[in-house]
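Colleague: Chain by chain, the residues:
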Amino acid sequence: MSEAHTATISVLVENSPGVLVRVAGLIRRRGVNIHSLSVGPTENAAVSRMTIVVDTPPERTEQFAKQLRKLVEVRRATAVDGQQTVDRELALVKVNANPGTRMEIMEIANVFRANVVDLTDRTMTLEVTGKGEKVDAIVSLLAKHGIREIARTGQATLVRGAQAT
Amino acid sequence: MAKQIVSAPAARRRTSRATKMTGAQVLVETLRRERVKVLFGHPGGASLPIYDALYDATDIRHVLVRHEQVAAHAAVGYARASGRVGVCTATSGPGATNLVTGITDAMMDSVPVVAITGQVPRPVIGNDAFQEADVTGVTMPITKWNVLVMRADDVARRVQQAFYIARTGRPGPVLVDIPRDVSQESCDPEFVDGIPVPEYRPVLDGNPNQIAAAAELLGSAQRPMIYAGGGIISGNASAELTALAERTRIPVALTLMGKGAMDELHPCCLGMLGMHGSAYANWAMNEADVILAVGVRFDDRVTGRLRDFAPRARFIHIDIDPAEIGKNKPAHVPIVGDAARVLAALAAQVRPPQIDPWWAQITEWRERHPFRYRQRDGQISAQFVCDLINRLTGGTAIVTTDVGQHQMWMAQWYRPRAPRSFISSGGLGTMGFGFPAAMGAKFACPDRQVIAVVGDGGYQMTMQDLITAVEHRLALPIIVVNNGALGMVRQWQTFFYRNRLSSSILRNPDFARIAEAFGARGIRVDRPEQVEPALRSALATEDGPCVVDVIVDPEENCLPMIPSGQSVAEMILDE
Ligand SMILES: Cc1ncc(C[n+]2csc(CCOP(=O)(O)OP(=O)(O)O)c2C)c(N)n1
Ligand SMILES: [Mg+2]
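Sequence lines, in order, name chains X and B. If you count by numbering that gives the first Met the number 0, then the first sequence holds residues 0 to 164, one letter each, in order. If you count by numbering that gives the first Met the number 0, then the second sequence holds residues 0 to 574, one letter each, in order.
It is worth saying that the hints were derived from the structure and are not from the lab. Note that the structure is a prediction, hence the values are computed from the model and not measured. Careful, some of the hints might be misleading.
From the structure, some residues in chain B lie toward chain X, with a derived Cβ separation under 8 Å [what the hints assert, rightly or not]:
# : residue
1 : M139
2 : I164
3 : P195
4 : V196
5 : P197
Within a straight-line C-alpha distance of at most 20 Å, the following computed DMTMM-like cross-link-like pairs (lysine to aspartate or glutamate) qualify [claimed, not checked]:
# : chain 1 : residue 1 : chain 2 : residue 2
6 : B       : K326      : X       : D80
7 : X       : K133      : X       : E148
8 : B       : K326      : X       : E58
9 : B       : K328      : X       : E58
Beta carbons: idealized from backbone N, C-alpha and C, even for Gly.
Given only the sequences and the hints, what does the whole structure look like? Please build it.
Modeller: Below, the structure is given as structure tokens:
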């Protein structure tokens, strides 16, 4: 999927039951796929932030943000494309590794500043943080060793500088 | 019991507490504080505690309907006729799911309605208990907001929030789902004074720079139009719209939902535009250079093919809902705000444009192509019936319609003099709406003449509730425009499917005799000269409903028509 066809929306929501379903439902009924979604609490315990990456051209996201703002539980919704942002994602990648291939995998990990967080005689689990493309890149390099499992958090985004997201 | 705890509003502080009450009693007390006088509903197991609390509430009238769909439509009719929040209630499971059509209708037409549903007791929620349905799940996309109340302590606050959210900003339906054991649980109720949802505050005043830009654009226009919709009515902005039109002489076209937003006999008013609107209103939109769109959503029934809609125009778009602006057509001057406030601010600034040639052109169109109809020998024309209702009432009655040809004919021929006088299912196009909505309107405005104009198809979807109108002695004429067909479907089959009339011809019961069996008056009319005496008699009927079954010309088509997804250039005229 090319970069031009995803867009990022950052949403501050009330931390209450059903909010995730409302937000997801609003996107679903427009026939748009959620590419990634990350949710977590904020500095205010009553409020959570969702970062939603949708498979839709950025032109459509302002309309999405407007519709999201209509949900009573949504405090703020911003289509962040076109702004200076920091985007990060964390991935855990469990890859096949034996004493013969370990060094090569470690080398890849070093280049990507990935940490080894688990090691067995047959597997190695790496933790990598960065933009989505960086994660994609390490995953494709590791592929030849045989990836057993991946868990990715989905993208988290903040606008750079003093401006609020 | 419930009545003892009423505290005078003056005595309340930010919150006020009372002695122990059950959740259901708190609900009833909250309804009272919201000044609910009537609610439409049907009881069941999960709402028994609520009905028990209502038993004590002699100041709140419960109207027992025979199908919950009717309760929801009646709540919509009540709200649209009065401007107050309409309330309906149903039990869990099938009761609640029967409300779904009416709630969706309220959502599409932005009608303030609160639906209260019983739910199975908390310990069995999620276990497929008897009559359990995930009603907050089902209604999530068709409500402005909904909530499952999990503690009796929360009932007051949640219900207050429901009313507040339903009526503020862009109005809409809200559903409150209350498990039976929450209704039974005893609690110390706490009522909130002031705004119960602090974080929800719609923008009311338009941006002054944008208003100035709009005034400038309108003042220099040569062929301006105002395109006004239901937002004028729900925003109580008719006076401001009329003042602006009078000051600028800019012609006004109304949507189906906007009918009555302005006196339709006003010289500036061109009546309805859109698929079955007047040719002249559509031609005027097509040629306009500046369009002030207010309280409208550029619905496809108005615009046809979007790219060909008003191709020469620059748009000023006023709406209380920011998400409407730019949704279908880009706005050159977007203004988020309350229609009445923004229009008043605009009228104070705008310089009247020079539009005499424009009016000359519109007058020529209007004379060349007014609404008209044929009357075939011995046949009653449906348009004649609609025209006659308009003449007999002078446009001062509240008229509701069902959905189909008769709806569009009524929209073409009925010319309301005031807002809240034409109530029709616009966005959802809900057959079965017309008669229950008229009941709701009559409960809201007992002193007004209320008339339901329905099709023979749609009437049969909610006809069973005639007994409700009889029981409450509602003076309600119900005019059945009986063309022996699902007329609008038949018309599309005639035009677009080579007249292959697949399942669109109806075999009908005798509606007049059915009415009599219910204890109502029933009149059957099949010759043109009988129509006027029958209508007069029906309109004069007191103490109960009167059904007039009018057998009309079955072959009539509703014209003009811009076929779905096409443009003014493809309009089918009535030659
Ligand atoms: C609940 C529902 N079902 C189906 C339709 C599709 N529909 C639109 S108009 C129409 C025909 C209505 O027939 P009738 O009530 O007799 O009115 P007429 O068009 O004949 O005036 C139908 C079936 C609808 N709008 N609503
Ligand atoms: Mg019919």
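Colleague: K133/X and E148/X were given as a pair; does the straight-line alpha-carbon distance stay at or below 20 Å?
Modeller: holds, 18 Å
Colleague: For the pair we were handed, K326/B and E58/X, check the Cα-Cα distance against 20 Å.
Modeller: holds, 12 Å
Colleague: Does the alpha-carbon distance linking K326/B and D80/X stay inside the 20 Å limit?
Modeller: holds, 19 Å
Colleague: For the pair supplied as a hint, K328/B and E58/X, is the alpha-carbon distance within the 20 Å limit?
Modeller: holds, 14 Å
Colleague: Quick check on the hint: M139/B CB to chain X CB, less than 8 Å?
Modeller: holds, 6 Å
Colleague: Can you verify the interface hint for P195/B: is its Cβ closer than 8 Å to any Cβ in chain X?
Modeller: violated, 11 Å
Colleague: Closer than 8 Å between Cβ atoms is the bar; does V196/B clear it against chain X? Give me holds or violated.
Modeller: holds, 7 Å
Colleague: Against chain X, with CB atoms and a cut of 8 Å, does the hint on P197/B hold up?
Modeller: Violated: closest Cβ of chain X sits about 11 Å from P197/B, beyond 8 Å.
Colleague: Quick check on the hint: I164/B CB to chain X CB, less than 8 Å?
Modeller: holds, 6 Å
Hints 3 and 5, counting from the list given before, are not met by this structure.
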